[in-house]
Amino acid sequence: MIPVSTLADAFYLLAATILMVAALEFSLWWIWTFWTHRLFIPASAGVGSVGLWAAAQAGFLASPVRAALIGAGAGLLAGLLGRFAIRGRYRLPVLLLAPAFSAVSLLVIYPFVFQFRLAFAGLNMFTMADWLAGGELGWVGFRNFVSVFTTSPLQTISFWGLLGRTFVWTGVNLVFHVGFGLALALLLARVVRGRGIYRTLLVIPWAMPQVVAVLAWRGEFHPQFGFVNAFLHTFGIPSVNWWSDPVPVFISCIIVNIWLGIPFMMIVFLGGLQSIPKSYYEAAAIDGASALRQFREITLPMLRPVVVPSVTLGTIWTFNNINVIYLMTGQNGGNEYADILVSALYKSAFAYSRFSFSAAFAVVIFAILIAITLIWMKVSRGTESVVAR
Amino acid sequence: MSGNQKDVGDDAPSLHHDRPNWWVHGLLTIAAMISVFPLLRILGVSLRPGDKIFSTELELLPESPTIANYVEVLTDTNFFLWLFNSLVITGLTALIGVCLAATAAYALSRYKFPGRATMLIFLMATQMMPAVVLLLPLYFMLQKMQLINSYAGVIVAYCVTTLPFTIWLLKGYFDTVPRSLEEAAQVDGLTEIGSFWRIVLPLSTPSLAIAALFCVTQAWNEYIVARVVLQSSELYTWPMGLFELQGEFDTRWGLFAAASVLVTIPVVAVFLYSSKWLLSGLTLGGVKG
Chain A
0 MIPVSTLADA FYLLAATILM VAALEFSLWW IWTFWTHRLF IPASAGVGSV
50 GLWAAAQAGF LASPVRAALI GAGAGLLAGL LGRFAIRGRY RLPVLLLAPA
100 FSAVSLLVIY PFVFQFRLAF AGLNMFTMAD WLAGGELGWV GFRNFVSVFT
150 TSPLQTISFW GLLGRTFVWT GVNLVFHVGF GLALALLLAR VVRGRGIYRT
200 LLVIPWAMPQ VVAVLAWRGE FHPQFGFVNA FLHTFGIPSV NWWSDPVPVF
250 ISCIIVNIWL GIPFMMIVFL GGLQSIPKSY YEAAAIDGAS ALRQFREITL
300 PMLRPVVVPS VTLGTIWTFN NINVIYLMTG QNGGNEYADI LVSALYKSAF
350 AYSRFSFSAA FAVVIFAILI AITLIWMKVS RGTESVVAR
Chain B
0 MSGNQKDVGD DAPSLHHDRP NWWVHGLLTI AAMISVFPLL RILGVSLRPG
50 DKIFSTELEL LPESPTIANY VEVLTDTNFF LWLFNSLVIT GLTALIGVCL
100 AATAAYALSR YKFPGRATML IFLMATQMMP AVVLLLPLYF MLQKMQLINS
150 YAGVIVAYCV TTLPFTIWLL KGYFDTVPRS LEEAAQVDGL TEIGSFWRIV
200 LPLSTPSLAI AALFCVTQAW NEYIVARVVL QSSELYTWPM GLFELQGEFD
250 TRWGLFAAAS VLVTIPVVAV FLYSSKWLLS GLTLGGVKG
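Top line first, the protein sequences correspond to chains A and B. Numbered by numbering that gives the first Met the number 0, the letters in the first sequence go through residues 0 to 388 in order. Numbered by numbering that gives the first Met the number 0, the letters in the second sequence go through residues 0 to 288 in order.
Only chain A is shown next, with the shape it has when bound in the complex:
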């Protein structure tokens, strides 16, 4: 049943990775070993030329002659850099860093630049085949950016509607995550017997694969057969159409995401609570401070170093959460009642195939993310401790 070709595919990938890393390391080693040699620069050009020509012969590149010329140019450049800029310094760290760093840059920086190019082109499902066959991308100016703000990224909801919903989503989720997480951590800190069992049961939402958890919840929200409506019936509340009425759809997504996010906050806060020395509470109790006062004056300030980074992470994760919303609303054509910015981006790119439009949309979302990050850094100075080392 398991196709052999897919296995061969995997081995091929592994071999190709090793080969590419080896080629990279060899060229770096060459530069750092022979940079003082008289013939270093011409020899570098020669090595690069032969290397790429061989790659072209092996079928990795299209034209052997062009490959040889590009290789010679790159080798010449590398030689000049090695001789006059690097001069034999930092050899080992660069050799160690090169594979990971070139992989990340190639797959982050190149798509990032290409995103901007795409945002100014007119690529959609009709022009795509032509482009893939070697056609031009073309330029349309800022048209895509204008239509991000004037037309709907999905069917009816506007960009501003999505933006507002994203903030509601992030805010509501975070308040409940932190609130319930802190409450549960405080409760857990009070019990001695059975704490391990409670903790184990309470982290289950985090431990479960998200796909299973969300799809299971989706089933429970089924208007006819789901548990939620059956449960509401026992209190005499009529059925709610959780699958297709706008507001209930959004509420059900929020409930599921709250359920998913509490354990992380709880565990982080529990760790923070347990690092507060007990003697503080004893001293406060001797001085006659009430439990509420102890909580306000000792627990909350002492938790601050834990709260700031976890709330930062929580905000990023919630703002960028696409799993819950897509899995809850993505099937069978789906609906757009719960979509936030990133899930709308995903749908407009891969469900509606509006490629250049989505690229412009992604650039706008990216700008919003940067603005939020900058504001947050100003407010919390949360990155200080991280970068200080």
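Hints are computed from structural coordinates only; laboratory data are not their basis. Where a beta carbon is used, it is the ideal one built from N, C-alpha and C, also for glycine. Incorrect hints may appear among the rest.
Stated by the list, open to error - Chain B side only, calculated, beta carbon under 8 Å to chain A, not exhaustive:
#, residue
1, VAL23
2, LEU27
3, LEU133
4, VAL267
To be verified - Here's a subset of chain B near chain A, in silico, CB distances under 7 Å, partners left out:
#, residue
5, ILE95
6, LEU99
7, THR102
8, ALA106
9, LEU271
Put chain B on the given structure of chain A with help from the hints.
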């Protein structure tokens, strides 16, 4: 780090002297019930006989439990194929990811060179950005490289999304390995790279395991990217398979539940077993830096 790598919870004494009241236990019990509820529900649904799949009864265990759904999942669907695909993708992601991350993290931890701080911030910044924002250009790039519809495309995407975090994690750990060990070894004639291989790596096997585990959980549970890159049904990973089963709610709800139970139990077991290391690693590398 090994000194403060204590379990978050078990051995620490309670914060308060007074005996926990019944309401503390009551609230915790209610919370625990809510948190395990979906898992118990799919367990119950998976055991239901075919004619009772849509019953709205609230009992967790059905009247006449049967394993027919499990048998059907294992024989009538591509369950093993999905598992196999997920295994290959997850294994290769962890292998390639940890190798690249370990070397890079060592360089970032041990050497001072221009651009080091910039590099660390750059890695951090890529974590702020959701993968979805770059997914479209990445998709076209993979398409031009003929990597769409192959394991390689997904693995490449997963490695890149996990690398920044694993590099930070491992760098945080390497920072705590005393440098004097390597210096002593180098006096005795070990090369620089040899001291990385023979001294630092063996000393940090726990953190390498955490990094691998992180890659594994990310790749194993991922759906959004896989759905875009893998299009032919013989490359489906298990989340995609489950989504298919659940999409047709009317007919295969019991199958979905059975398949869910089969994939969830091992994942939850591994998570709970490894949670102490995972959590301490999380605070050490991710939050405290």
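Evaluated hints:
A least Cβ separation of about 5 Å between VAL23/B and chain A falls short of the 8 Å threshold, and the interface hint therefore holds. With a cut of 8 Å, the hint placing LEU27/B at the interface with chain A holds, because the nearest CB-to-CB distance is about 5 Å. For LEU133/B, the interface hint holds, since its Cβ comes within 8 Å of a Cβ in chain A; the closest pair sits about 5 Å apart. For VAL267/B, the shortest C-beta to C-beta distance to chain A is roughly 5 Å, which falls under 8 Å, so the interface hint holds.
Taking 7 Å as the C-beta contact cut-off toward chain A, the hint placing ILE95/B at the interface holds, the least distance being around 6 Å. Because the closest C-beta pair between LEU99/B and chain A is about 4 Å apart, less than 7 Å, the hint holds. Hint on THR102/B holds. Least Cβ distance to chain A is approximately 4 Å, under the 7 Å limit. A hinted interface residue such as ALA106/B counts as satisfied when its beta carbon comes closer than 7 Å to some beta carbon of chain A; here the least separation is about 4 Å, so the hint holds.
Annotation: interface hint on LEU271/B holds; nearest CB of chain A at approximately 6 Å, less than 7 Å.
Of the numbered hints listed earlier, not one is contradicted by the structure.
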